[in-house]
Each structure stands twice: as C-alpha cells, then as structure tokens.
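Student: These protein sequence lines are chains A and B, in that order.
Taking our numbering, the leading residue of the first sequence gets 8, the next gets one more, and so forth.
Taking our numbering, the leading residue of the second sequence gets 451, the next gets one more, and so forth.
By construction, these hints were calculated from the structure, which means they are not laboratory data.
In this text the structure is predicted, and so the values were computed from the model without any measurement.
C-beta: ideal position from N, C-alpha, C; glycine also.
Among the hints, erroneous ones may be present.
From the derived model, a few chain B residues whose C-beta atoms are all more than 10 angstroms from chain A [stated by the list, open to error]:
(1) E482
(2) N524
(3) K542
(4) R566
(5) D571
(6) T589
(7) C591
Below, a sample of chain B positions facing chain A; criterion: calculated Cβ distance under 8 angstroms [claimed, not checked]:
(8) R457
(9) E479
(10) I489
(11) N490
(12) N502
(13) T509
(14) F520
(15) D537
(16) S538
(17) N601
(18) L610
(19) I612
For reference, the chains in residue letters:
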Amino acid sequence: MKNKAEEYSSSLIEEIFESISPKEENRIKFKMLLSAKIEDAMKAKGWNKTKLLEATGQKNASVATKWFSGTHNFTFDTLFDIQEALGIKLLNTTEATEEVVVKYHVVVQSSSALYKHDNLRKEQKSKKSHSQIHSFNTSMIIAEA
Amino acid sequence: MKYKLVRISKFSGNEASIYTLLTENEQGEFQESLFDIFINENKTLFLSEIKNIFSRLKTIGNDTGARESFFRTNEGVPGDGVCALCDSPNNKLRLYCIRYGTELIIIGGGGPKNVRALQDDKKLEKENYFLRWLSSKITECRQNGDLSFSNDFMDFEGDLIIENYEE
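Build out the structure end to end from the sequences listed, making use of the hints.
Tutor: So, in structure tokens, the structure goes:
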C-alpha cells in the first residue's frame, strides 16, 4: 500500500483566504478562464500563436504570451479582434434569456367523437357553436395531459 | 535536513493538485511549510500580490488546471519543470514551482524580483536552486521506485519524505 500525501492547511493560509473578497477572486478567475478559452479556441482551429497574431493584426510576437498568461488586461478592441478571428463569443451584448420548453401531449378529437360527450355539452348550458365546443374540449384534454 | 510533500487542500481541486513541502525542525518534527515561509516573508510589503497568487492557485486547482501558459517556464535546467507562477506584469513577487503536466504542481519559495537575472539576487537564487535540487531528487526517487504518480497523475504516492538537502 503506497502512502498518500496528507492534506495540509495552516492558520496563515486560512487567514489570507478569508481576507480575499469574492469579487477580487472572481476577477482573477475570469481573467484566467478568458485566457484559457482563447487558447483552446486557437488550438481547436489548428492555429499557432503566429497565425492568431496575423489574424488579429498584431505585430508584437510576445503579445500572445501575455494573452495566455491569465493576467492580461484586454482592451475591448483586442477582445473584439480575437473573437472575430477565432469565431467565438467573448463579448456578449444581448441580454441572457432563459429558454423554457414545455411539452404538451395534445389530443384533438374528431367532431363525431365530440358528440359523444353529450353530458359535457349539457353542462355548458350555452349555445356555443360547434367550433367553440371543439376548442373547449381540446383545452380540457391539454390540462389533463 | 528533511522535507515532507503535502497537498494543500485549500488550493487543490478536480483540475490540479497543489503541493508544498513541510520543513523539519530541530526536534525532528515537520512543521512550517515552504509556502507559509514565503507568505510570512512577503505579506507585509506584498499582501495584495499574495492574494492574487492565492486566487490564481485556487483557479488552477479547481477550474483550469496548471496550463503551461500560466507559468514562466524554463526557470531551471532543461526538463526539470522548474518555473515561476505568472503574475501581473507590474507585480514583483516571484513564486517558484515545479510543474508536472497540468495536474500537479509543487510550490516552493520565492521573493520580489528586482533584478534581471535571478543569479543577481541571492535570495531568489537560493529558492530557485532549491527547487532544481528538489526536482532532481524527485526524479531520482521515481526512478528507484520510492515515489510515483497516482493513476490520474494528480498525486504523489510512496515515500513522501525528501532528504539530504545541503545548501
């Protein structure tokens, strides 16, 4: 049985951790995730740094290293150029909408079948037209489904 | 002097494990870690940079893994994995590490870098050369079967005591 490393922490590590605001932590995390997304997209396209720099109109070869370091403060223009070159979304100006899909099982009965529901029709005590009864009956079935 | 490899739970996650070394005191007990020493040495002057390093290590452990691009590589001899954690260009603090793929890093010590070559700063040189020694020692322990990686490469297994360091 091989020894596994023990889990370690210290009061000093805990103390520093507690002093970091969630906003600051997220800022750094977001920068790193953004860098990783750009690098992954570049690799997925089969590009190297030189090709990416060409496609974004950059001349300084070392700039790609900065982009991927997870520490770079990107300008809007740079992010726009990168997303256009790589065909990915780095800037989203549209409001996020949650798409809700509700599936109903709808059964539309034939008019002859409708007449079998005489009791139901009597309860309506109305002089609705044939088509009106049809739609009522359909909605009842939807509710049951 | 002996050292013990331990996994820092606060930083480690599903993407990478972050290790450091506990140092042996005069009574032969393992106490303060190299990372705690690094924090104590620098927290007065570089607290905000230390907080950045904390957040970066946590993100590496839990979200991104130890991507090569997040490190300044080739800080040691070819192939030894010694590197420094990248920080914002204006920041001075260097934290030296040994990187084993994207799954595992060992963090050692470091300090503010105000010189071009690390050999011009005795403190940085000492920290860097210690990790070079550690890397070669770990390679030796792996070769003789005392130490190995776990199946998922996220952990060390075996004899986690590293000894015989001489400055």
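Student: Take the shortest C-beta to C-beta distance between B:L610 and chain A; is it under 8 angstroms?
Tutor: Because about 6 angstroms separates B:L610 from the closest Cβ in chain A, which is inside the 8 angstroms limit, the hint holds.
Student: Could you let me know if the closest chain A CB is still more than 10 angstroms away from the CB of B:T589?
Tutor: holds, 18 angstroms
Student: Does the no-contact call for B:K542 survive, Cβ to all of chain A over 10 angstroms?
Tutor: holds, 13 angstroms
Student: Quick one: work out the minimum CB distance from B:D571 to chain A and report holds if it exceeds 10 angstroms, violated otherwise.
Tutor: Given a closest Cβ separation of 22 angstroms, the condition holds.
Student: With a cut-off of 8 angstroms, does the beta carbon of B:N502 approach a beta carbon of chain A closely enough for the hint to hold?
Tutor: holds, 6 angstroms
Student: May I ask you to check that B:R566 keeps its beta-carbon over 10 angstroms from the closest beta-carbon of chain A?
Tutor: B:R566 is indeed farther than 10 angstroms from all Cβ atoms of chain A, at 16 angstroms.
Student: Under 8 angstroms, Cβ to Cβ, is where B:D537 needs to be relative to chain A, so tell me if that hint holds or is violated.
Tutor: holds, 6 angstroms
Student: Should the interface hint for B:N601 be scored as holding, given a Cβ-Cβ cut-off of 8 angstroms against chain A?
Tutor: violated, 11 angstroms
Student: Holds or violated: is the Cβ of B:C591 farther than 10 angstroms from all Cβ atoms of chain A?
Tutor: holds, 12 angstroms
Student: Identify whether the interface hint at B:T509 stands, where standing means a beta carbon of chain A within less than 8 angstroms of its own.
Tutor: holds, 5 angstroms
Student: Test the statement that B:N524 is away from the interface with chain A: the closest C-beta pair must be farther apart than 10 angstroms.
Tutor: The claim stands: B:N524 keeps its Cβ more than 10 angstroms from every Cβ of chain A (closest is about 13 angstroms).
Student: If you take the shortest Cβ to Cβ gap from B:S538 to chain A, is it below 8 angstroms?
Tutor: holds, 5 angstroms
Consistency with the previously given hints fails for numbers 1, 9, 17, 19, ordered from lowest to highest.
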